[in-house]
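Asker: Sequence:
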Amino acid sequence: MDMTLRYHKRVGSRGKRWLFVILALSFVLVIFGGYLWFREVNMVKNDSSNNESPIDLLRGEPVPEPVVKKDTEEVESEIEKYLEGKTGTYGYHVIELDDGRSYGTRDSEYYTAASTVKVAIATYAYNQIEAGEVSPEKVLTYTSADYEGGTGSLQADPVGSTYKVSYLLERMIVVSDNVATNILMRYLGRSNIQNYLDRNSLPEIKVTTNDVTPRAMASLLQRIYEDELISEKHKTELLSYMKKSITKTRLVAGVPKGIEVAHKIGSWSGAISDIGIVYTERPYAIAVYSEGVAWGEETDAVIAGISRIVYDFESSF
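Under the numbering used here, the residues of the sequence shown are numbered 300 to 616, in order.
Mixed in with the good hints there might be a few duds.
[Unchecked claim] Dumping the calculated DSS-like pairs for lysine-lysine here, alpha-carbon to alpha-carbon at most 25 Å:
{"no.": "1", "residue 1": "532", "residue 2": "543"}
{"no.": "2", "residue 1": "463", "residue 2": "542"}
{"no.": "3", "residue 1": "437", "residue 2": "543"}
{"no.": "4", "residue 1": "534", "residue 2": "547"}
{"no.": "5", "residue 1": "534", "residue 2": "505"}
{"no.": "6", "residue 1": "463", "residue 2": "385"}
{"no.": "7", "residue 1": "369", "residue 2": "380"}
{"no.": "8", "residue 1": "556", "residue 2": "534"}
{"no.": "9", "residue 1": "547", "residue 2": "385"}
{"no.": "10", "residue 1": "463", "residue 2": "543"}
{"no.": "11", "residue 1": "542", "residue 2": "556"}
{"no.": "12", "residue 1": "437", "residue 2": "532"}
{"no.": "13", "residue 1": "437", "residue 2": "463"}
{"no.": "14", "residue 1": "542", "residue 2": "532"}
{"no.": "15", "residue 1": "385", "residue 2": "368"}
{"no.": "16", "residue 1": "532", "residue 2": "463"}
{"no.": "17", "residue 1": "534", "residue 2": "437"}
[Stated by the list, open to error] Label-pair distances were calculated between CB atoms; the ranges are:
{"no.": "18", "residue 1": "595", "residue 2": "465", "range": "13 to 23 Å"}
{"no.": "19", "residue 1": "600", "residue 2": "438", "range": "34 to 44 Å"}
{"no.": "20", "residue 1": "388", "residue 2": "535", "range": "33 to 43 Å"}
{"no.": "21", "residue 1": "502", "residue 2": "446", "range": "42 to 52 Å"}
{"no.": "22", "residue 1": "494", "residue 2": "440", "range": "45 to 55 Å"}
{"no.": "23", "residue 1": "531", "residue 2": "500", "range": "16 to 26 Å"}
{"no.": "24", "residue 1": "489", "residue 2": "435", "range": "12 to 22 Å"}
Because the hints were derived from the structure by calculation, they are not lab data.
For glycine and all other residues, C-beta sits at the position ideal for the given N, C-alpha and C.
Working from the sequences, and respecting the hints, build out all of it.
Answerer: Okay, structure coming up:
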């Protein structure tokens, strides 16, 4: 009886010691876990205080900082100063494609579109292809009524030559072929193209008279870029043709080498122009038109100057 009591006392004493050890270990683990949590929170706070992107603790992903943009009055004023003393009249319109902010001067006035209107013609052609009304494999014939001098090589082909719609679209944009344009215009219907533009809130693009406003052409580029008028597939194709444009002056000459520009120039007596999308970190659409200017390098350089001022502004924030 006495031995049994001593045995139980020893067992009870050991049990209390083990209980104490377990409680002590639990306490240490809690303290260590709290330390790790506190250190992690402080690391996040330190990252934020160093002006790095804040961290979304729930998702673990960086939260982009909002872009603080400069007032457009700065760039508009600089362009106006640059144009002082230049021959002719210039109008331009810029749309920032990340948020749609726009600015420009004399951008609601009408100018001769020249070959820049070919982008609108191509947009309608792709729209009709997507609607199943036109096949890119459709073969069209060159008639004497389609002949026109100027840009392009098809003018040297014999009347009666045949071409697929897809080939004519590529020639119309890359080398600005006038005969390719005339064949497509005859097939698609000038009034059909105009009705399409009017229905899509682009009435300031007038293919019937070859007159446009800079703001309308910049808007056309924006809506192409955003897949609003044609599908992503055809947008990619059209913009790839514009990137392959054989002309490397005007808008292209105004940005640093290596900056991609999808553009289409227009050249007419006294009316020189260029429209395009400039692929900076935040791409933008730009349309520059002129009237009463000289043909050649002088006006090309002025448009390049406007392009450079806009590029520098857009890259400054």
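Asker: Is residue 547 within 25 Å of residue 385, Cα to Cα?
Answerer: Roughly 22 Å separates the two Cα atoms, so the pair holds.
Asker: Are the Cα atoms of residue 534 and residue 505 separated by 25 Å or less?
Answerer: Satisfied, since the Cα-Cα distance of roughly 22 Å is no more than 25 Å.
Asker: Against the range 45 to 55 Å, how does the distance between the Cβ atoms of residue 494 and residue 440 compare: consistent or not?
Answerer: Cβ of residue 494 to Cβ of residue 440: about 25 Å, so the range 45 to 55 Å is violated.
Asker: With a cut-off of 25 Å on the C-alpha distance, tell me whether residue 369 and residue 380 pass.
Answerer: Given that 25 Å is the threshold and the Cα spacing comes to 18 Å, the pair holds.
Asker: Check the hint pairing residue 542 with residue 532 against an upper bound of 25 Å on the C-alpha distance.
Answerer: Given that 25 Å is the threshold and the Cα spacing comes to 15 Å, the pair holds.
Asker: Just tell me: holds or violated, for the beta carbon distance of residue 595 and residue 465 against 13 to 23 Å?
Answerer: Given range 13 to 23 Å: violated, Cβ gap about 34 Å.
Asker: Are the Cα positions of residue 534 and residue 437 separated by 25 Å at most?
Answerer: holds, 20 Å
Asker: Holds or violated: residue 542 with residue 556, Cα cutoff 25 Å?
Answerer: holds, 13 Å
Asker: Could one say that the CB atoms of residue 600 and residue 438 fall in the range 34 to 44 Å?
Answerer: holds, 42 Å
Asker: Does residue 463 pair with residue 542 here, judged by a C-alpha cut-off of 25 Å?
Answerer: holds, 22 Å
Asker: Residue 463 and residue 543 were given as a pair; does the straight-line alpha-carbon distance stay at or below 25 Å?
Answerer: holds, 20 Å
Asker: Would you check the hint for residue 532 and residue 463, treating anything up to 25 Å between C-alpha atoms as holding?
Answerer: OK: residue 532 and residue 463 at ~19 Å, within 25 Å.
Hints 6, 15, 18, 21, 22 from the earlier list are contradicted by this structure; the remaining hints agree with it.
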